[in-house]
Amino acid sequence: MKISTKGRYALRMLIDLAVNQNDGFISLKDVAERQFISKKYLEQIVPMLNKAGILRTNRGNRGGYMLAKEPKELSVGDILRATEGNLAPVACLEYEPNTCPHKDDCSTLYIWEGLYEVVANYLDNITLQDVIDRSISTHGGDYCI
Numbered sequence: 001m002k003i004s005t006k007g008r009y010a011l012r013m014l015i016d017l018a019v020n021q022n023d024g025f026i027s028l029k030d031v032a033e034r035q036f037i038s039k040k041y042l043e044q045i046v047p048m049l050n051k052a053g054i055l056r057t058n059r060g061n062r063g064g065y066m067l068a069k070e071p072k073e074l075s076v077g078d079i080l081r082a083t084e085g086n087l088a089p090v091a092c093l094e095y096e097p098n099t100c101p102h103k104d105d106c107s108t109l110y111i112w113e114g115l116y117e118v119v120a121n122y123l124d125n126i127t128l129q130d131v132i133d134r135s136i137s138t139h140g141g142d143y144c145i
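So in our numbering, spot 48 of the sequence shown is number 48, and the numbers just go up one at a time.
Do not take every clue at face value.
[Claimed, not checked] The following label-pair restraints were derived from C-beta to C-beta distances:
id, residue 1, residue 2, range
1, E43, K69, 17 to 27 Å
2, N20, T99, 43 to 53 Å
3, N125, R62, 30 to 40 Å
4, G60, D105, 50 to 60 Å
5, A68, K2, 21 to 31 Å
6, D105, S38, 42 to 52 Å
In short, the hints are calculated from the structure, not lab data. Even for Gly, the Cβ is constructed at its ideal location relative to N, Cα and C.
Let the hints inform the model, and build the full structure from the sequences given.
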């Protein structure tokens, strides 16, 4: 599995919003400038995060974006699923139940199921708050993904 720039930039954007959440709604322009990410690219990511219920949007003069939940309630797994889709390492595990006609005879299925479980558990147990806290303790608040 390879995480695309979409997933990495979404994570950076959301960490930025979390760190600056006391400022209220934050413009994409401000996030883009702080994170050195194209505003146009962030505009492509926002609909995915809105659809997943991760962002709140406010239009108008004081418009912008903020987290829809507390940073401790948003996992890295939630964010990556919203931007990358399913985290399954093979196609047959993308849907539940597994409808692959070879699943009962597949000698390697247990490998992919185990990998999927490990990756999902790992990413689901890291929150935005965990990333922020670790960044503060190890890098003084700077973060790079």
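Do the beta carbons of A68 and K2 sit within 21 to 31 Å of each other?
27 Å, holds
Look at the Cβ atoms of D105 and S38 and judge whether their distance stays inside 42 to 52 Å.
With a Cβ separation near 47 Å, D105 and S38 satisfy 42 to 52 Å, so the hint holds.
Does the Cβ pair N20, T99 satisfy 43 to 53 Å?
Distance hint for N20, T99 holds at roughly 44 Å.
Starting from the range 50 to 60 Å, see whether the pair G60 and D105 falls in it by beta-carbon distance.
With a Cβ separation near 59 Å, G60 and D105 satisfy 50 to 60 Å, so the hint holds.
Check the following: the C-beta atoms of E43 and K69 are separated by a distance inside 17 to 27 Å.
With Cβ atoms ~22 Å apart, the hint holds.
Looking only at beta-carbon atoms, does the pair N125, R62 fall within the given range of 30 to 40 Å?
35 Å, holds
Every hint, counting from the list given before, is met by this structure.
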